[in-house]
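One letter stands for each residue in the lines below.
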Amino acid sequence: MTEPGQRIYLLRVAIVLALVFNVMALVVLIRPTPIAFTLFMFLAQPLMAVALFLLVIAVVAELRARQVL
Amino acid sequence: MSEVSVPLPHGWIGTTSQWIEGFGVGLVVLDLILLALVWYWMRGRDPLPRLWGWVLVAAGLVPLLVGFMTFAHGLESSATVSACGSCHVMTPFVRDLKDPKSETLAATHYKNRFILRNQCYECHSDYGLGGTITAKLEGLGHVWRYTTGRYTMPIKIAKPYANSGCLECHGESQRFLNSPSKKDILPDLMSGKTSCLDCHGPAHPEQKKEARL
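Chains as they are written, first to last, in the working numbering: chain A, 59 to 127; chain B, 19 to 231.
Among the hints, erroneous ones may be present.
[Unchecked claim] Under 7 Å between C-beta atoms, here's a sample of chain B residues computed to sit facing chain A:
1) Glu39
2) Val43
3) Ala90
4) His91
5) Ser96
6) Val99
7) Ala101
8) Met108
9) Gly159
[As the list claims (entries may be wrong)] Short derived list, chain A residues pointing at chain B, Cβ under 10 Å:
10) Ala72
11) Leu75
12) Leu77
13) Met82
14) Ile88
15) Phe100
16) Leu110
17) Val114
18) Ala116
19) Val118
20) Glu120
If you're looking for bench data, these hints aren't it; they were derived computationally from the structure.
Bear in mind that the values here come from a model prediction, so they are computed numbers and not experimental data.
Backbone N, C-alpha and C fix where the C-beta goes; we use that ideal spot for every residue, glycine too.
Looking at chain B on its own, in the form it has when it is part of the complex (with noise of 0.2 Å):
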């Protein structure tokens, strides 16, 4: 894949994400020195009545608006490919998806910029506050997952892939709706008669028999 620097808007400052990983990060510094230095002025006989204010602050106030950064930042971050890549079992889909040689869905949709950005995660949550509540509880069964050894090689998706998955971008375009090879099966697609990846696919690479690591 050709490498190109795209040039960003005049006046481009950062993304949200950036900035309040910025600010959490000064955030959390600012709060170890001031729970460090509270922790100092605390030596003293019956240091309180000078120092209360400044506890609530340093124990309670910066703490709090950490919290509230570090759970945006760190929600935003969960549905990144990086974020699925981290795990090593993800790696042979992460190396696939990238790879601009790849003709796998994954691949197509990713290198044609199909799908802007978090890609697995668009793909693989459903849409609405539901979908989103969903894939995480999901993750969360993962992370689990992973960390105690509980999977088994190779990965396989959990149940069978919805229509609704692509239809949510397909679904309403009308390339798509017109489309001689569709007009057919529309009803059967729409309905989940018929999957999508009966004719298109294969979604991710053969996986090959391997050892757990």
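If we strip away everything but chain A, and leave its shape as in the complex, we get (with noise of 0.2 Å):
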């Protein structure tokens, strides 16, 4: 993971990701059913997870990149 081109594909996927929680939690927020609840808490927030482990993977190859770590 030391090239920045792979970084930045992490990112992309981390971002399509947070899209998709936003877009879930905006239908939870101005019509909150229980069904839009429930696929908010089993599939979004799961999905938001995989988008900051990406996110922490990325920092990380970063900073190795650096030297840092």
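Taking the hints as your guide, dock the two standalone chains into a single complex.
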């Protein structure tokens, strides 16, 4: 994971996942039905967890590339 | 039922839930803009050094805030009558609940505001943390059965209605405790040997046998 291109790819995936999370959250905030809330809890939140995990991987890779870690 | 506009207290600024909803929607819109900008800025060859801060804010920090607000708003909203009524199988129950001419227990409690809000949830969840957790898990089961069509009509309560649901409010009321009609059966009511619904009811209207839609 030393190439900037790989890190950008990870970040793009994280951004898409965050986008999906935001849209699902918006649905719950505007029209909080039980089905929308269930999808938010069991689909959107795990997707956001994956996005955060990818962010951490990208940050660690960047710090290693800069020889900070 | 006569429709009146109840005056709001001086300095009314809305409910906590309304503020959470407003802030949540605002943060989502802000984050969507930030995500679009970060995506746009990433087109360069090696844009990362100047972008890290914005990426972490747009894809990490703001979504976390959105998540907290959406969770709080969703959890509170899931206890409302409108949430229960959002599944069409509940329509007859909610329609009766809001019918001022109905004499069912649910309608009586609703029209007289014996329960101020979240009337379905207040009666159909036990109290305490355990009651909330159990109600949410049961609600999850309801969503699953509703979306997959694994339910049968007419809708029935899963287990006999426990007296504790009534006694949570009535049990310590002096009017209830001093009622001559309750004096003799009070121990049986408290122990659950006699059901409140043996004398009071029906809680909800009779359901017609109908095809599942």
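- Is the interface hint for Met108/B satisfied, with its Cβ closer than 7 Å to some Cβ of chain A? Met108/B check fails; min Cβ-Cβ to chain A is 10 Å, beyond 7 Å.
- Query: Holds or violated: is there a CB of chain B closer than 10 Å to the CB of Ala116/A?
  - Reply: Check passed: Cβ of Ala116/A comes within 8 Å of chain B, closer than 10 Å.
- Message: Under 7 Å is the threshold here; is the Cβ of His91/B close enough to any Cβ of chain A for the hint to stand?
- Response: holds, 6 Å
- Item | Interface hint for Ala101/B, Cβ within 7 Å of any Cβ on chain A | holds, 6 Å
- Interface hint status, Val118/A versus chain B (Cβ within 10 Å): violated, 12 Å
- Query: Does the interface hint hold: is Ala90/B within less than 7 Å of chain A, judged Cβ to Cβ?
  - Reply: violated, 10 Å
- Query: Going by Cβ atoms only, is Gly159/B closer than 7 Å to chain A?
  - Reply: Since the shortest Cβ distance to chain A is 11 Å, the answer is violated.
- Task: Against chain B, run the beta carbon of Leu110/A and see if the smallest gap drops under 10 Å.
- Result: Holds, about 6 Å.
- Item | Hint check, Glu120/A versus chain B [nearest Cβ-Cβ separation less than 10 Å] | Hint on Glu120/A: holds, closest Cβ of chain B at ~6 Å, below 10 Å.
- Message: Val43/B was flagged as interface toward chain A. Is the shortest Cβ-Cβ separation under 7 Å?
- Response: With a closest approach of 5 Å, the Val43/B hint holds.
- Query: Does Leu77/A pass the interface check with chain B, least Cβ-Cβ distance below 10 Å?
  - Reply: This interface hint holds because 6 Å falls under the 10 Å limit.
- Task: Using Cβ atoms only, decide whether Met82/A comes closer than 10 Å to chain B, and label the hint accordingly.
- Result: Constraint on Met82/A satisfied, holds at 8 Å.
Violated hints, in rising order: 3, 6, 8, 9 and 19; the structure is consistent with all others.
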